[in-house]
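In the order they appear, the protein sequences are chains A and B. Here this note's numbering = 1-based position in the first sequence + 2. Here this note's numbering = 1-based position in the second sequence + 2.
All the pointers check out, no bait thrown in.
To be clear about the criterion: a stretch of chain B counts as covered by chain A if any three or more of its residues have a C-beta under 8 Å from a C-beta of chain A, and this derived list gives those stretches:
hint	segment
1	253 to 259
2	339 to 353
Lysine-lysine pairs mimicking DSBU-like chemistry, simulated, CA-CA at most 35 Å apart:
hint	chain 1	residue 1	chain 2	residue 2
3	B	LYS161	B	LYS287
4	A	LYS246	B	LYS223
5	A	LYS161	A	LYS223
6	A	LYS34	B	LYS246
7	B	LYS161	B	LYS223
8	B	LYS332	A	LYS34
9	B	LYS249	A	LYS34
10	B	LYS34	A	LYS332
11	B	LYS34	A	LYS246
12	B	LYS246	A	LYS223
13	A	LYS363	B	LYS363
14	A	LYS249	A	LYS329
15	A	LYS223	B	LYS223
16	B	LYS161	B	LYS148
17	B	LYS201	B	LYS363
18	A	LYS34	B	LYS329
19	A	LYS249	B	LYS249
20	A	LYS287	A	LYS246
21	A	LYS148	A	LYS201
22	A	LYS249	B	LYS34
23	A	LYS34	B	LYS363
24	A	LYS363	B	LYS34
25	B	LYS287	B	LYS113
26	B	LYS249	A	LYS223
27	B	LYS34	A	LYS329
28	A	LYS223	A	LYS34
29	B	LYS223	A	LYS249
30	A	LYS148	A	LYS363
Source of the hints: derived by calculation from the structure; they are not laboratory data. Quick reminder that beta carbons are idealized off the backbone N, C-alpha and C, glycines included.
2 protein chains.
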Amino acid sequence: MLTVRKSASLNLGEGVNNKMKKLINAIDDVVKEQLEGMAAAHPDVLTVHYEPNFVVRADAPVQGKVALVSGGGSGHEPMHGGFVGMGMLDGACPGEVFTSPTPDQMYECAKAVDGGAGVLFLVKNYTGDVLNFETAAELAFADGIKVQSILIDDDVAVKDSLYTAGRRGVGTTVLAEKIVGAAAEAGYSLEQCADLCRKVNQYGRSMGMAITSCIVPAAGKPTFDLGDDEIEIGIGIHGEPGQKRAKMMTADEITEALALEIIDDGPYSRTVREWDNASGEWVEKDLVDEPFQSGDEVIAFVNSMGGTPVAELYAVYRKLVEICEGKGIKIVRNLIGPYITSLEMQGCSITLLKADEEILKFWDAPVNTPGLRWGA
Amino acid sequence: MLTVRKSASLNLGEGVNNKMKKLINAIDDVVKEQLEGMAAAHPDVLTVHYEPNFVVRADAPVQGKVALVSGGGSGHEPMHGGFVGMGMLDGACPGEVFTSPTPDQMYECAKAVDGGAGVLFLVKNYTGDVLNFETAAELAFADGIKVQSILIDDDVAVKDSLYTAGRRGVGTTVLAEKIVGAAAEAGYSLEQCADLCRKVNQYGRSMGMAITSCIVPAAGKPTFDLGDDEIEIGIGIHGEPGQKRAKMMTADEITEALALEIIDDGPYSRTVREWDNASGEWVEKDLVDEPFQSGDEVIAFVNSMGGTPVAELYAVYRKLVEICEGKGIKIVRNLIGPYITSLEMQGCSITLLKADEEILKFWDAPVNTPGLRWGA
Chain A
3 MLTVRKSASL NLGEGVNNKM KKLINAIDDV VKEQLEGMAA AHPDVLTVHY EPNFVVRADA
63 PVQGKVALVS GGGSGHEPMH GGFVGMGMLD GACPGEVFTS PTPDQMYECA KAVDGGAGVL
123 FLVKNYTGDV LNFETAAELA FADGIKVQSI LIDDDVAVKD SLYTAGRRGV GTTVLAEKIV
183 GAAAEAGYSL EQCADLCRKV NQYGRSMGMA ITSCIVPAAG KPTFDLGDDE IEIGIGIHGE
243 PGQKRAKMMT ADEITEALAL EIIDDGPYSR TVREWDNASG EWVEKDLVDE PFQSGDEVIA
303 FVNSMGGTPV AELYAVYRKL VEICEGKGIK IVRNLIGPYI TSLEMQGCSI TLLKADEEIL
363 KFWDAPVNTP GLRWGA
Chain B
3 MLTVRKSASL NLGEGVNNKM KKLINAIDDV VKEQLEGMAA AHPDVLTVHY EPNFVVRADA
63 PVQGKVALVS GGGSGHEPMH GGFVGMGMLD GACPGEVFTS PTPDQMYECA KAVDGGAGVL
123 FLVKNYTGDV LNFETAAELA FADGIKVQSI LIDDDVAVKD SLYTAGRRGV GTTVLAEKIV
183 GAAAEAGYSL EQCADLCRKV NQYGRSMGMA ITSCIVPAAG KPTFDLGDDE IEIGIGIHGE
243 PGQKRAKMMT ADEITEALAL EIIDDGPYSR TVREWDNASG EWVEKDLVDE PFQSGDEVIA
303 FVNSMGGTPV AELYAVYRKL VEICEGKGIK IVRNLIGPYI TSLEMQGCSI TLLKADEEIL
363 KFWDAPVNTP GLRWGA
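Using the sequences and the accompanying hints, generate a full structural model.
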């Protein structure tokens with residue numbers, strides 16, 4: 003489990019941190035002040051609670067609706083707090099930067115959003131997140147709240163990683179929050195939401211790359227070193243090592259490196275734990291994700307790691323269309339921009355999600371959050 | 003007038019440019035390929051024309067509706083091409099990176115979007131843009147198209163600048179495109195659109211700052227040098243020098259430095275040229291922008307220069323609310339994110355726009371563009 007990194011309250015301009023140039027004040031206040039800004043900016047959409055920190059829909063709890071809760075370390079904004087609102091998340095639990103939130107955040111958040119139809123935890127596969135959401139699920143269940151917990155593990159770059167057993171949870175998380183959020187809004191039951199979320203995870207695959215590192219405020223120096231002419235292929239969203247270091251490549255070569263790993267990825271088998279409300283126990287499930295096939299329709303998500311501007315993402319998207327066409331895969335929807343970021347890291351990730359009628363219907367449904375908004 | 007910078011078609015990984023790490027292919031293709039990606043991603047919203055390059059609404063020309071056209075150098079995305087669509091721009095003319103588009107781009111774009119009710123050019127105050135849009139207006143008028151041209155000059159940082167006589171046009175441009183776009187959609191005449199656009203410009207003031215420089219692809223090296231512990235207060239969106247270099251400051255200090263210049267700015271007088279369709283001549287107009295006052299309601303726009311992640315903007319917004327409250331100014335709407343950028347530059351800008359009933363009505367109206375979308 004990742005624990006909260008504590009550091010002295012340093013002001014910028016003093017000592018070692020005077021070379022860390024960010025729009026922040028004291029390091030210990032970074033997450034709190036960002037949440038305060040979000041609360042001030044979007045009072046019609048969301049409400050922020052402090053100590054423990056969590057973000058809920060302004061109209062929470064919505065009676066009779068399944069509530070979606072996600073969370074994870076801060077530094078990936080707008081995910082997750084920026085996806086709280088009508089048609090997406092009911093609650094989000096932000097940890098310190100790149101640090102898992104605690105079970106009490108998740109538990110208090112679940113209590114605040116449960117409208118009687120149960121709470122679905124949407125959990126990115128990082129060991130700290132997984133363990134803490136498991137504890138929170140048990141606490142909520144003990145309180146009489148029906149819970150379900152679905153893991154997102156979509157990163158094809160590496161099998162295991164720093165902080166992760168199995169594949170990491172990355173870009174598919176954003177798509178799952180949108181799609182399952184719309185389903186919950188439309189009246190899906192907790193079981194139906196869990197089934198849909200599991201399907202979205204199994205249909206989605208991602209891979210990312212970094213052009214530059216990023217600086218965690220409490221660390222004050224780059225998470226990893228990257229040469230002036232180097233990039234990291236298969237990077238994690240916390241700067242975890244990827245598949246390889248490479249010399250700088252063109253946008254087309256980078257797009258190909260990411261897209262082919264995703265499209266040509268074979269069947270992926272693993273065992274996950276899900277909560278069973280009938281027995282009040284964790285049960286194991288064997289899951290196999292099938293590879294993409296010619297004839298598939300997909301939602302394509304080209305994501306900025308934070309510091310890469312949207313114009314460059316369009317160059318990637320252009321090549322991605324060509325690669326997918328060559329594989330007989332048709333992109334029927336897209337999302338292009340900074341949605342699951344790593345602070346100011348430059349680079350991008352690609353997510354492809356096989357889309358059926360159910361998924362497209364909920365993708366197209368209205369959403370009103372600070373980070374993603376249409377039809378509302 | 004800024005002319006198009008030509009450079010040899012360099013591939014990354016060769017010679018001097020192997021340290022410029024961007025998601026691009028050959029340097030001469032940067033703008034074209036980004037436009038191709040945008041066209042592929044948003045065919046329901048917009049259409050891209052090449053040689054000359056311009057972007058128009060997918061349903062252009064909209065008969066009987068005033069058409070809004072803007073443009074400028076590329077590198078500021080999503081502005082302007084990403085703001086083409088229902089409720090905002092009818093057309094956008096992208097120049098090479100940080101380089102004015104040419105009169106033929108603007109003229110061809112105007113012809114493509116005119117639906118018989120005339121074309122309003124929304125022009126940021128840079129000498130090249132101003133001269134080229136003037137030529138384009140004359141060409142369009144000679145073709146029987148009613149034209150009007152409104153200048154945006156809202157940057158309080160400096161009086162004159164590189165490429166600019168008078169104040170530069172920055173963040174208010176985004177707000178004007180949204181507000182006047184909605185008015186055109188609602189059936190405003192060309193004169194009414196021009197009057198509203200002039201008012202929005204007079205009601206808006208902006209100022210920006212940079213934490214890092216950016217690299218123009220054709221230059222291959224940073225536009226300006228900034229020390230490891232330095233920032234530039236009052237930066238222009240092309241890296242033009244601002245008011246001063248300063249040592250790194252906290253988010254609160256930076257917010258104060260920008261916001262107080264905006265709020266305490268005195269009356270601003272200058273003479274602008276506008277086209278007169280009756281006489282077929284340019285006429286001069288004396289304009290005075292009045293300062294903000296206690297009791298004003300405003301739209302607050304906190305913008306990322308491209309490389310600064312949205313979470314940091316919320317820390318700025320938090321302090322901005324406090325400063326405005328202290329001055330008796332009430333923020334009634336906000337926009338927070340990367341909307342008028344300078345490639346991958348890190349930093350932010352603040353725009354405050356005095357908001358009356360007419361402005362708020364059109365701000366709230368539906369918009370459907372790649373860069374800004376709600377209610378649709």
